[in-house]
Amino acid sequence: MTDAQANTAQHDTAKQGKALLQVNGLEGWYGESHVLHGMDFHVNDGEVVTLLGRNGAGKTTTIKAIMGLLHKRRGSVMVDGKETISLQARHIARLGVAICPEERGIFSSLSVEENMNLPPKLAEGGLSLERIYDLFPNLKERRRSQGTKLSGGEQQMLAIARILRTGSKFLLLDEPTEGLAPVIVQQIGRTIAALKQEGFTIVLVEQNFRFAASVADRHYVVEQGKIVDMIENEALDANIDKLHAYLGV
Amino acid sequence: MFELLGIPPQVLLGQLLIGLINGSFYAVLSLGLAVIFGLLNIINFAHGAQYMMGAFVAWMLLNYGGIGYWPALLLAPVIVGIIGIALERVLIARLYKLDHLYGLLLTFGLALIIQGLFRNYYGVSGLPYQIPSALQGGQNLGFMFLPNYRGWVIVASVIVCFGTWFMIEKTRLGANLRAATENPELVGAFGINVPRMITLTYGFGVALAAFAGVLAAPIYSVNPNMGADLIIVVFAVVVIGGMGSIMGSILTGFGLGVIEGLTRVFYPEGSAVVIFVIMAIVLMIKPEGLFGKSA
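Residue numbers (the numbering used here), protein chains in the order written: chain A, 1 to 249; chain B, 250 to 544.
Be aware that a few hints might be false.
[Claimed, not checked] Distance condition first, Cα-Cα at most 25 Å in a straight line; then the derived BS3-like pairs of lysine-lysine:
#: 1; chain 1: B; residue 1: 535; chain 2: B; residue 2: 346
#: 2; chain 1: B; residue 1: 419; chain 2: A; residue 2: 140
#: 3; chain 1: A; residue 1: 140; chain 2: A; residue 2: 121
#: 4; chain 1: A; residue 1: 82; chain 2: A; residue 2: 72
#: 5; chain 1: A; residue 1: 149; chain 2: A; residue 2: 18
#: 6; chain 1: A; residue 1: 226; chain 2: A; residue 2: 82
#: 7; chain 1: A; residue 1: 149; chain 2: B; residue 2: 542
#: 8; chain 1: A; residue 1: 242; chain 2: A; residue 2: 72
#: 9; chain 1: B; residue 1: 346; chain 2: B; residue 2: 542
#: 10; chain 1: B; residue 1: 419; chain 2: A; residue 2: 149
#: 11; chain 1: B; residue 1: 346; chain 2: A; residue 2: 72
#: 12; chain 1: A; residue 1: 242; chain 2: A; residue 2: 226
#: 13; chain 1: A; residue 1: 140; chain 2: A; residue 2: 82
#: 14; chain 1: A; residue 1: 82; chain 2: A; residue 2: 18
#: 15; chain 1: A; residue 1: 121; chain 2: B; residue 2: 419
Please keep in mind that the hints were generated in silico from the structure rather than gathered at the bench.
With the hints as constraints, model all of the structure from the sequences given.
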């Protein structure tokens with residue numbers, strides 16, 4: 001893991017400064033309830049950034065708002081220099097943004113292979129099916145099974161794998177390690193590190209703060225629909241008490 | 250030949266055949282309803298009117314344009330399907346955020362308007378439509394006489410039903426459709442144009458109804474009310490089979506046609522209600538339908 005981190009650190013310096021995602025004053029609603037109260041943050045090209053915070057802080061809502069899955073949102077979300085606040089989800093997807101939702105979103109009426117092939121190719125440079133089956137060998141074995149017959153870990157892998165084919169280089173991963181066995185969490189960690197090396201930009205919602213520390217460059221702390229702090233991964237140890245206070249652990 | 254409970258085989262097989270023909274119409278119509286309900290979550294009450302329009306468009310193509318049965322078999326569903334697409338875009342699309350009930354009311358209203366317009370111009374006596382020359386006559390099967398056209402109706406329905414099933418269950422396009430039925434928001438977030446898919450699906454479901462209408466034109470007279478009577482039975486078929494199940498609606502359609510035919514042999518008085526009796530029983534025992542997934 002340390003080797004990978006050293007490599008990615010170099011990769012970062014080369015790309016520093018160009019914000020792929022710029023969020024300003026983002027507000028969002030679930031029906032009548034006002035969940036996001038002016039989020040401000042950015043993610044640089046090639047960075048892995050986490051959103052940390054307690055349950056109900058608005059992390060998932062933020063991801064959904066970026067993807068255009070929130071019916072009511074206000075403020076500014078720039079993706080690669082383009083304003084997306086008034087775009088529909090499918091147009092945002094075509095800018096190269098892909099989501100792996102918290103509930104995984106595996107389709108029960110589709111086989112594993114059909115789930116894999118569902119998201120259309122939107123850009124060049126997506127991972128080939130062979131490469132994906134290399135990363136997730138279980139999926140190849142079970143490609144004829146019904147999507148929801150997979151184990152939780154396999155479903156999570158499928159949810160990540162299917163967006164790697166599309167050529168989208170900006171991934172929104174919502175709690176990919178939730179409820180999974182440690183060995184699978186490690187496998188997902190290795191996958192994220194590999195993607196980072198290939199230049200993917202990733203926003204990661206995480207409860208598992210140790211996992212977040214192992215893969216991310218920076219951490220944003222979300223509280224009551226706002227960003228209240230930003231911590232560089234290198235400075236994590238120095239700020240550990242503060243972070244524990246934020247997360248209430 | 251054999252006799253069963255004192256019923257001569259000619260009568261039995263004859264009714265079985267009529268049952269299969271009725272079942273063909275039940276299957277094609279309930280399939281269209283199931284496809285539409287699956288993706289749009291709307292109970293398309295205009296389905297009977299659209300079936301009637303299919304028959305009328307075939308009749309108009311022949312009488313105003315000199316276009317015969319075979320081209321009409323393709324053209325009428327396309328024309329009625331396009332009208333359906335216009336209805337979806339202009340009216341039905343406004344209701345997706347509301348309760349299912351509004352879609353039902355809207356399409357029911359549309360059905361009444363469409364049927365009223367046709368009644369106004371063409372009356373209720375019915376217009377004749379010739380069986381195409383290639384399908385006139387029949388086959389003597391030894392135990393019964395099978396009119397060619399009726400045989401064709403069964404064959405054409407089976408082909409269309411299983412073609413539709415194959416397209417939905419086995420192709421890439423069908424996978425998109427099944428996924429959008431489950432979770433349209435996520436499918437949209439993958440960059441797929443779900444609203445367009447919904448519109449085309451409605452058009453396709455309506456075209457299926459119109460196809461059944463063209464098939465029916467030479468058998469039943471072309472009549473503004475021809476769909477209104479049939480659609481009630483078809484809704485019962487859909488309820489029995491389970492809303493939204495493709496194979497379920499096909500098998501239930503053919504199966505209930507046959508059961509209805511057999512009832513006509515063994516207990517003629519019950520033939521008009523047997524499907525509704527079965528519906529009541531199914532609703533009591535398995536409310537999601539024989540092939541439906543429990544909600």
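The hints, checked one at a time:
{"no.": "1", "hint": "B:535 - B:346", "result": "violated (29 Å)"}
{"no.": "2", "hint": "B:419 - A:140", "result": "holds (19 Å)"}
{"no.": "3", "hint": "A:140 - A:121", "result": "holds (20 Å)"}
{"no.": "4", "hint": "A:82 - A:72", "result": "holds (19 Å)"}
{"no.": "5", "hint": "A:149 - A:18", "result": "violated (42 Å)"}
{"no.": "6", "hint": "A:226 - A:82", "result": "holds (23 Å)"}
{"no.": "7", "hint": "A:149 - B:542", "result": "holds (16 Å)"}
{"no.": "8", "hint": "A:242 - A:72", "result": "violated (33 Å)"}
{"no.": "9", "hint": "B:346 - B:542", "result": "holds (23 Å)"}
{"no.": "10", "hint": "B:419 - A:149", "result": "holds (19 Å)"}
{"no.": "11", "hint": "B:346 - A:72", "result": "holds (14 Å)"}
{"no.": "12", "hint": "A:242 - A:226", "result": "holds (17 Å)"}
{"no.": "13", "hint": "A:140 - A:82", "result": "violated (37 Å)"}
{"no.": "14", "hint": "A:82 - A:18", "result": "holds (13 Å)"}
{"no.": "15", "hint": "A:121 - B:419", "result": "holds (20 Å)"}
Consistency with the previously given hints fails for numbers 1, 5, 8, 13, ordered from lowest to highest.
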